[in-house]
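*Asks:* Spelled out, the chains give:
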Amino acid sequence: MFDSLSDRFEGIFKRLRGRGRLGEAEVDEVLREIRVALLEADVNFKVVKNLVARIREQCLGVDLSASLSPAQQVIKIVHQELINALGGESLKITYASRPPTVVMLAGLQGSGKTTACGKLAKWFRSQGRNPLLLGCDLQRPAAVEQLRVLGGQAGVPVFSEPTDPETVAKAGLEEARRLGKDVVIVDTAGRLHVDEELMDEARRISAAVDPNYTFLVVDAMTGQDAVNVAESFHQTLAIDGVILSKLDGDSRGGAALSVKEVIGRPIAFASVGEKLGDFEPFHPDRMAGRILGMGDVLTLIEKAEQAYDQDEAAKAAEKLQKGSFTLEDFLEQMQQVKKMGPIQNLVGMLPGIPKELKNAEIDDKEIGRIEAIIRSMTPDERREPQIMNGSRRLRVAQGSGTTTNEVNQLLKQFKEMQKMMRMFGKGGGGKGRPRVPSFG
Amino acid sequence: MEIVLGLLAVLVVSGLVAAFIAARPRRRDTDLEPPPAAPLPPPSASGAPPAPQKPPKAKRPSIPSEEELARQAAEVVAEAEAVLAGAREAPVPEAEPVEAPPEPVKPRFRDRLGKARGLLAGYLGSVRSRTKIDEETWEELEEALIRADVGITATTALLDQLRAQVKAEGIQTSELLVDALKDNLKKRLSIADRTLRIEPGMPNVWLFVGVNGVGKTTTIGKVGHQQVGEGRTVIMAAGDTFRAAAAEQLELWSKRVGAQLVRGNEGGDPGAVVFDAVERAAARQTDLVLADTAGRLHTKVNLMEELKKVRRVADKPPGKVTEVLLVIDATTGQNGLVQAKQFTEAVEVTGVVLTKLDGTAKGGIVLAIQNELGIPIKLVGLGETAEDLIPFDPDEFIDALFA
Numbered sequence: 031m032f033d034s035l036s037d038r039f040e041g042i043f044k045r046l047r048g049r050g051r052l053g054e055a056e057v058d059e060v061l062r063e064i065r066v067a068l069l070e071a072d073v074n075f076k077v078v079k080n081l082v083a084r085i086r087e088q089c090l091g092v093d094l095s096a097s098l099s100p101a102q103q104v105i106k107i108v109h110q111e112l113i114n115a116l117g118g119e120s121l122k123i124t125y126a127s128r129p130p131t132v133v134m135l136a137g138l139q140g141s142g143k144t145t146a147c148g149k150l151a152k153w154f155r156s157q158g159r160n161p162l163l164l165g166c167d168l169q170r171p172a173a174v175e176q177l178r179v180l181g182g183q184a185g186v187p188v189f190s191e192p193t194d195p196e197t198v199a200k201a202g203l204e205e206a207r208r209l210g211k212d213v214v215i216v217d218t219a220g221r222l223h224v225d226e227e228l229m230d231e232a233r234r235i236s237a238a239v240d241p242n243y244t245f246l247v248v249d250a251m252t253g254q255d256a257v258n259v260a261e262s263f264h265q266t267l268a269i270d271g272v273i274l275s276k277l278d279g280d281s282r283g284g285a286a287l288s289v290k291e292v293i294g295r296p297i298a299f300a301s302v303g304e305k306l307g308d309f310e311p312f313h314p315d316r317m318a319g320r321i322l323g324m325g326d327v328l329t330l331i332e333k334a335e336q337a338y339d340q341d342e343a344a345k346a347a348e349k350l351q352k353g354s355f356t357l358e359d360f361l362e363q364m365q366q367v368k369k370m371g372p373i374q375n376l377v378g379m380l381p382g383i384p385k386e387l388k389n390a391e392i393d394d395k396e397i398g399r400i401e402a403i404i405r406s407m408t409p410d411e412r413r414e415p416q417i418m419n420g421s422r423r424l425r426v427a428q429g430s431g432t433t434t435n436e437v438n439q440l441l442k443q444f445k446e447m448q449k450m451m452r453m454f455g456k457g458g459g460g461k462g463r464p465r466v467p468s469f470g
Numbered sequence: 012m013e014i015v016l017g018l019l020a021v022l023v024v025s026g027l028v029a030a031f032i033a034a035r036p037r038r039r040d041t042d043l044e045p046p047p048a049a050p051l052p053p054p055s056a057s058g059a060p061p062a063p064q065k066p067p068k069a070k071r072p073s074i075p076s077e078e079e080l081a082r083q084a085a086e087v088v089a090e091a092e093a094v095l096a097g098a099r100e101a102p103v104p105e106a107e108p109v110e111a112p113p114e115p116v117k118p119r120f121r122d123r124l125g126k127a128r129g130l131l132a133g134y135l136g137s138v139r140s141r142t143k144i145d146e147e148t149w150e151e152l153e154e155a156l157i158r159a160d161v162g163i164t165a166t167t168a169l170l171d172q173l174r175a176q177v178k179a180e181g182i183q184t185s186e187l188l189v190d191a192l193k194d195n196l197k198k199r200l201s202i203a204d205r206t207l208r209i210e211p212g213m214p215n216v217w218l219f220v221g222v223n224g225v226g227k228t229t230t231i232g233k234v235g236h237q238q239v240g241e242g243r244t245v246i247m248a249a250g251d252t253f254r255a256a257a258a259e260q261l262e263l264w265s266k267r268v269g270a271q272l273v274r275g276n277e278g279g280d281p282g283a284v285v286f287d288a289v290e291r292a293a294a295r296q297t298d299l300v301l302a303d304t305a306g307r308l309h310t311k312v313n314l315m316e317e318l319k320k321v322r323r324v325a326d327k328p329p330g331k332v333t334e335v336l337l338v339i340d341a342t343t344g345q346n347g348l349v350q351a352k353q354f355t356e357a358v359e360v361t362g363v364v365l366t367k368l369d370g371t372a373k374g375g376i377v378l379a380i381q382n383e384l385g386i387p388i389k390l391v392g393l394g395e396t397a398e399d400l401i402p403f404d405p406d407e408f409i410d411a412l413f414a
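In order, the protein sequences belong to chains D and X.
So the first sequence is numbered by my numbering: it starts at 31 and just counts up by one.
So the second sequence is numbered by my numbering: it starts at 12 and just counts up by one.
Pulled out of the complex, with its shape left as it was, chain X reads as follows (with noise of 0.2 Å):
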């Protein structure tokens, strides 16, 4: 008794607080006082110091405002010229050599999924096989679905919309059923501009953003890859200075597929980092920044932040930000919709790369995400090699889906 009553205190306490602090002006562009020593956005590790290497000014506890920003992304201007006048003096040092790898075969939906499809064929079969459509030929559907991840609530509609097309359109076997409503989700799908946009001129930054855990920096390895052999040059930012030895693995990357690496001190402020790539991008006149930054749990409020301070560095001239590529694991459940939601408010994604798709998973959660919030899904990964990218292919995806 007396622990639901202390309950009840605390409930007091901790909503007023919270309602307390919440309905505070928001701090972020407008100039009251800085908050008491609060740490620097970038999440300090334990024992790392969150000691920011550039722009030197940045000790301030608040994000900074626009004006600030600019000072300082200026202040970083001049002492990168200052660094480029003598590294113009200095060899540049060339990425080793990729030695040329045999003509790759472009790994193909079907092939990779053989393995994942030896698991779960059959699955829709019986519903094939079947002739007249009964409540289990739909239970069968609603189960396929739903086991795809596309979530209950969608698979509702789904189905829901499929009954009554079956009464307009008299559909009599469940063959043709299952064969209508591949017909609607790849039409649903197929309303997309799945290009990946690049502006000739400048440097074009794509950031790839996404929680912890979903391949983004194996994406951009395999991206730089491809990029690389379309021709175009690219240097790798690593925006992630927060996971250890996050530097040291996209630096393998870069090796691996010839392309530059530009990366700060673990702890430093990403912002920076990406900064300091397009600086040099424009330099040299390379055509892309692929940005890495570190996985982050949208629920995270001070890393969000931290997300949309990152994207303003990369979008101010000298280069522009073309992409925000958002990468979401195929074995995310629903929480892909949230996940898809939080960060596009944040920074306004503009794809979707779906990895890990030779699994079993299906990845049907990017349905929601491009029906809801209208993003397309770009591209999608197979594997762990710099090969394991393919465009991604609705109607190829929604024929995996039913495989």
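Looking at chain D on its own, in the form it has when it is part of the complex (with noise of 0.2 Å):
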């Protein structure tokens, strides 16, 4: 349940005493795991080689004694690794000098792409540009149609008309230029990077409409074949950027190490879900830490930068490690921890966390329930909470509207988590050291 590259990698480690290097044998036994991982994350085959091939000599470098474990070092190397390979320049989009900038995307059927383009209108549009859709895609039905809703719902026009697609894209930029919007995002139907007809259509668009930008949209969950994919479409529209759809899945996304290895262009925009909000810039490191199966704990630092005052967080961790963490700070600390978004995603970024807790439905409605229970709690039985005896319970669920039983669970976690956090008070290395691998 907890199994992750880095207990693999302790389990390696555990005879190694604290002197000298890493040996070939172990550098060889770790590279064959992080292989497995990343082949599990369906980082493409010959990708993975070279990978492996470039991490190989610093792993042989790593010094047994120095105060990282050996596997906290080899670990950071790939993290490392991964995060040179999917990052690098990142993009930034530069407008035309003589608008509308216009921007293209293509890619597989049902990558995501017409729904990129929504998500691109809204983002263009909080830009503060004046973007035009162009709806390109005349092959699939109601493909029009469904640029036409989302179009309504970012606020963007739509252009299409039931003619071919080189024709629309000619007449949506004139439009464009006719309306003066300073963008154009077009849309153009799924094909295969096989079919010669259609392939031949794209490169036909892209001459008439000379994009500044052309976006390869990728689903996450594509296996091996990504890299095929990649390559011909690079061929064919020389592409500027990816964009990496279906994040919010929990497929482990090396596919899109696979596609900025074999393109060498940056993954401009990450899809995070199905509304046009659901849009975000790529983040190398955490896309790093995901196909390596450790959570996206950058995501999580990140909010809780924004959220947390660091004062408060400071006295909180203060607290924390004295054991003297009441039920009052934790009523406090939930009020900071809801300004970082939804606990279901907060959870979703946690390493380590169990299935169970990580499926289960967490509607932040629920946290009003606990807050409820607390707040009918007096000062001293929130500071000692075991004089809760049942009479109190008792009041505590009428007055807060829940049940005992709710009293009693929130009571009795309280106190295991009291324990857990009294451990890490004590233990600053070794055991007690939380599941989170420092890259400090």
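Quick caveat, the hints were computed from the structure, so don't treat them as lab data.
Each hint should be verified, as a subset may be incorrect.
Here are the simulated SDA-like cross-link-like pairs (lysine to any residue), alpha carbons at most 25 Å apart as the crow flies [to be verified]:
#1 K76(D) <-> V66(D)
#2 K79(D) <-> I163(X)
#3 K266(X) <-> L168(D)
#4 K352(X) <-> G323(D)
#5 K305(D) <-> E277(X)
#6 K305(D) <-> K193(X)
#7 K76(D) <-> A357(X)
#8 K311(X) <-> D280(D)
#9 K79(D) <-> E259(X)
#10 K352(X) <-> L168(D)
Partial list, derived from the structure: chain X residues whose beta carbon lies under 10 Å from chain D [unchecked claim]:
#11 T142
#12 I144
#13 R158
#14 R254
Remember, predicted model here, so these are calculated numbers, not experimental data.
Positions of the beta carbon are idealized from the N, C-alpha and C atoms, including for glycine.
Each chain sits in its own coordinate frame; assemble them with the hints.
*Replies:* Structure below.
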């Protein structure tokens, strides 16, 4: 359940003493684990080979006596290598000196192009731009209809006509100029990279509108084939960037790495849901952690940074360590955590969380129940929950509109948490350490 | 430093909240007080209010219990009967006649994969040409399987088994080795009933499920075309009430292939649409209801709950769910197995439709799906037109895997 790459490494290095450097035998064993992990994450076979070769040298240099354990060092090496592979220069949209800036989207059927167009439209608007959507997918039944609905939601007009994609593209561009639009987003039909006719059509559409940016939309759950798709599209259209879609699933997303390695263009955006707002710039470090199966700790940290008052955080942390963290403090901290967005998302970002917890339906209204319970307790009760006898619990349950069962549960779990926290306070390094890989 | 400590606090709080909530008794079929005004299961599109059309009482925030469902269903039946009573007087709108297409040539794996094979041709050719079995042979076999998305774990197991076989049977040449591997795989795939179940005497419901973008709606179009061609009457139920213009897309297909369409409003209750379709099928003695559902990631608990409800509703008399077809995109990697597991757990998948096999992806993940879950692959999609659907043939599939 808590099985992770770092756990597997710990196992391999258990017998090592703290001297000298990592030997070839251990390195090879570790590299095998890394290879399996990456292949399980759908990273392309060849890409894995190259990556592992790059990592090998660095692993041989790992100093066993350093402050970070060899497992941690190896994780760091792998993680960094992935970040480098996924990152590099990020894509900054520079707008055409002579408007409109043309953005064209291409990709396989079902990859999420049309939805991405809607999201881009909304995004460009938020950047103060004035976009026009072009519906050049005349192949899929009701595709233009779909784009119109999305355009409506984004507050962006949609242009299309029942002629042919190339003609729509040309006419659409004219229309954009006429209307003084400064961005044009071109939706195209999904097509197979091996369909010569359709790839030729894509080339013609591209020639007709001369895009400033051509984005390849790739489904995050794509397997080994991602490389073939990316290569072909890149050859035909000269891809400028990639949009990774359906990242709100639980696929590890190795396709991202494969595509990036093969065409060398940045992954510009991450599509993380079906709503138009579910669109964010791509974070290589987070993707690296995800591919390695490490959860999205960094997003969590960022959100925490934004929402948490630094002093509050420091105070809370101190109390946690000392073991003097009370229900009152918990209540306070919950207010902070609420600012960080839906709890469901936060839990999803925590590494090593058992599946049952991760998939449990967590409605933020539930937080209200917890708050109500605590608020129904007197300050004494919050400070010293051990005085909570049956009648007090009943009173609290009635006062908060919950059940004594729930009150019992909360108290029980809080006690467990306190115990855990005391352990953290004591064991600074070693067993008491939380399962958060340190990138420090 | 503060960040990490602050993170600890977050971990504690989030974990505590999550554990508290997760440990609460499940509300689904018990009568605890409903949660404070939670939104109805159908995911609300931004701007589209999740107002269910039928049944009218379904504004309750929690998922109705079985009794509630039955009561709502009874109301719908009463309503529908009233409507139908009126409709029987009015002329039934005929679907636009589909002009009889020229005698279609059934696409075959080999033809469709012709384009794709070009890219990967000679892939195993090099393996075959070498006569001796050496380490390189094994590496190339491993590569072939992994690149087909069979998965590293399954590949390792397969090749281990093959090594044992080589020892036991004294296989000498790489050509025979590849044949042995193919035979193994074919054998594993051959134990399955791949027919699409239809029971006489009642409207059969075939439910199409899967994650976003896999080709559910297009597949329904193809299946509808096939079934109409075999002389059956078909109603398509536009159970995707979330995606923009999803019902319009299915409507176009229904017109194309000569099937009836039942739809609701965007943002409406999908279960109600399917129920409505079943009712209509019963009234007109239609053979088959093909129910479309919204694409959903299996990780979204509330959407999976909604899907469970749709299946329950569809499975109530007068209808019967005889197939739950999971549509899987051939380009999907290892996540395909997770999808199959989760969807099966939720709605008891009876078969897989593997789509987009006309690309370069090999769809090897279906091997794991059949092996680990016992779910047969029943159909294969090879294109975007109504003709592009063929029954799954294990021999052809495995041959194509190694082509």
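*Asks:* Please go over all the hints and tell whether each is borne out by the structure.
*Replies:* We went through each hint and held it up to the structure:
{"no.": "1", "hint": "K76(D) <-> V66(D)", "verdict": "13 Å, holds"}
{"no.": "2", "hint": "K79(D) <-> I163(X)", "verdict": "14 Å, holds"}
{"no.": "3", "hint": "K266(X) <-> L168(D)", "verdict": "17 Å, holds"}
{"no.": "4", "hint": "K352(X) <-> G323(D)", "verdict": "19 Å, holds"}
{"no.": "5", "hint": "K305(D) <-> E277(X)", "verdict": "15 Å, holds"}
{"no.": "6", "hint": "K305(D) <-> K193(X)", "verdict": "44 Å, violated"}
{"no.": "7", "hint": "K76(D) <-> A357(X)", "verdict": "36 Å, violated"}
{"no.": "8", "hint": "K311(X) <-> D280(D)", "verdict": "10 Å, holds"}
{"no.": "9", "hint": "K79(D) <-> E259(X)", "verdict": "46 Å, violated"}
{"no.": "10", "hint": "K352(X) <-> L168(D)", "verdict": "35 Å, violated"}
{"no.": "11", "hint": "T142", "verdict": "25 Å, violated"}
{"no.": "12", "hint": "I144", "verdict": "21 Å, violated"}
{"no.": "13", "hint": "R158", "verdict": "5 Å, holds"}
{"no.": "14", "hint": "R254", "verdict": "7 Å, holds"}
Hint compliance for this structure: hints 6, 7, 9, 10, 11, 12 are not met, and every other hint is.
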